[in-house]
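J.: Sequence:
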Amino acid sequence: MSRDMSGTSIDGESARNSEAVSRFVERFAAEMTEAGMQRTASRVFAALLASDDASLTSAELSERLGISPAAVSGAVRYLTQVGMVSRERDPGTRRDRYRLHTQLWYTTFTQRDAILTRWEHTLRDGVDSLGEDTPAGARMAETAEFFAYVQEELEQMMERWRERQEERRGAIIEKRGTATEKKQRGAAGA
Numbered sequence: 001m002s003r004d005m006s007g008t009s010i011d012g013e014s015a016r017n018s019e020a021v022s023r024f025v026e027r028f029a030a031e032m033t034e035a036g037m038q039r040t041a042s043r044v045f046a047a048l049l050a051s052d053d054a055s056l057t058s059a060e061l062s063e064r065l066g067i068s069p070a071a072v073s074g075a076v077r078y079l080t081q082v083g084m085v086s087r088e089r090d091p092g093t094r095r096d097r098y099r100l101h102t103q104l105w106y107t108t109f110t111q112r113d114a115i116l117t118r119w120e121h122t123l124r125d126g127v128d129s130l131g132e133d134t135p136a137g138a139r140m141a142e143t144a145e146f147f148a149y150v151q152e153e154l155e156q157m158m159e160r161w162r163e164r165q166e167e168r169r170g171a172i173i174e175k176r177g178t179a180t181e182k183k184q185r186g187a188a189g190a
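Each step along the sequence shown adds one to the number in full-length UniProt numbering, with nothing skipped, and position 92 is 92.
For the record, the hints were derived by calculation from the structure and aren't laboratory data.
Computed from a predicted structure; not experimentally measured.
We treat Cβ as the ideally placed atom computed from N, Cα and C, and that holds for glycine.
Mixed in with the good hints, there may be bad ones.
What the hints assert, rightly or not - Label-pair distances were calculated between CB atoms; the ranges are: (1) G177 to E26: 37 to 47 Å; (2) F109 to Q38: 18 to 28 Å; (3) R39 to T180: 38 to 48 Å; (4) R27 to E63: 14 to 24 Å; (5) E19 to A54: 14 to 24 Å; (6) T122 to E26: 37 to 47 Å; (7) T180 to A30: 39 to 49 Å; (8) T57 to R16: 13 to 23 Å.
Between the sequences and the hints, there should be enough to build the whole structure, so can you do that?
T.: Structure, rendered in structure tokens:
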């Protein structure tokens, strides 16, 4: 990777300050670690998130994060198990590439919805077992009601997200079309 005097990457269209990117990766990883994710897995995830292709090899992750290939392997194993990263093979090579899933957050929340549904059903069974009129049964019923509420809100929120993404994609396509038209008019007038 080539850099100018300020440390800014000059690799074509994605020129940016690598130190600023590194600071972001470490800051976001710290937030994820604070929320309970393993530290190295947090750093690997943040590095993938900050990469243009959402994809890096073990060697690239090792170099960017200053960690051993074994540490990368352990982090990727964890991230794969929790469904945040997938492993791919570069065509014609034996080199693995690790990629964030598309629609990662949407998929993560959708999977959480399925978990909440199972918990709600189990809690409702608990209400039946404990008795609705007991303190423990009432607590179970309230917890099940909370999960049902969260699921309803999550479903509505995800629908609004899908609509927002469609609007955003439409705006991007429209913007690209306008830029292309301007270029064509400029070329025709030249």
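J.: Out of the numbered hints, which ones does the structure contradict?
T.: none
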